[in-house]
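Spelled out, the chains give:
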Amino acid sequence: GEDVEQSLFLSVREGDSSVINCTYTDSSSTYLYWYKQEPGAGLQLLTYIFSNMDMKQDQRLTVLLNKKDKHLSLRIADTQTGDSAIYFCAAPPGGYNKLIFGAGTRLAVHP
Amino acid sequence: DTEVTQTPKHLVMGMTNKKSLKCEQHMGHRAMYWYKQKAKKPPELMFVYSYEKLSINESVPSRFSPECPNSSLLNLHLHALQPEDSALYLCASSQDRYTEAFFGQGTRLTVV
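Each protein sequence line maps, in turn, to chains A and B. Letter 49 of the first sequence, counting from 1, is numbered 187 in the working numbering, and no numbers are missing. Letter 110 of the second sequence, counting from 1, is numbered 315 in the working numbering, and no numbers are missing.
So that you can see chain A by itself, here it is in the shape it has in the complex:
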């Protein structure tokens, strides 16, 4: 089955860029997703990329996809304290929306 892996923790200074990495195993995933979860809250869909794209930019967010290596990254430009949260990478094996989540990367932003 699908396996999604992420690093668990990232600490950045306010104003710097953050890069969160993710790897997945099922190459048939048609879309790949990034969700944000703040403490005590649900999941917020941040962005997603279709599997035939290499890059997607949405304001401060840039998603890069390397299909050959099954590697996905999320870059947050000009990181702010409000960006502190857990970020989940998610992939639907076989293209169906049964999302398999990575363990989540806790982003800590310090002054």
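Hint data in this document are derived by calculation from the structure and do not stem from the laboratory. This structure is a prediction, so every number in the text was calculated from the model and none was measured. Glycine residues also receive a C-beta, built at the ideal position from the N, C-alpha and C atoms. There are no misleading hints in this set.
According to the in silico footprint, chain B covers these stretches of chain A (three or more CB under 8 Å from chain B):
hint: 1; stretch: 166–175
hint: 2; stretch: 179–192
Not close to chain A: a few residues of chain B, all C-beta gaps over 12 Å, as computed:
hint: 3; residue: LYS227
hint: 4; residue: SER267
hint: 5; residue: SER270
hint: 6; residue: ASN275
hint: 7; residue: HIS284
Since the structure of chain A is provided, determine the placement of chain B on it from the hints.
The following block gives chain B in isolation, referenced to the frame of chain A:
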């Protein structure tokens, strides 16, 4: 509007109680989901409804019983739960089974 509304936000129940979690969306989505998230863990899929029919049950114990009364509503009926069932229960919906899913804020369930 990408809102999925879950009620209640918090629920404490005894092991002999029967309770229900509710989820509602008015985006015209035809797929709805229940996920369970234990503390410090990622969400895990429990059930998928597609066009109001149960399409995936991830081997969830029968003490959890989903129901989709119409295309906007999804319920999760709870009976004879165990303390280890304490978790954040998340509802999600998507236009169909292939498109992006939007999540509600969750119901934090504590079983005592």
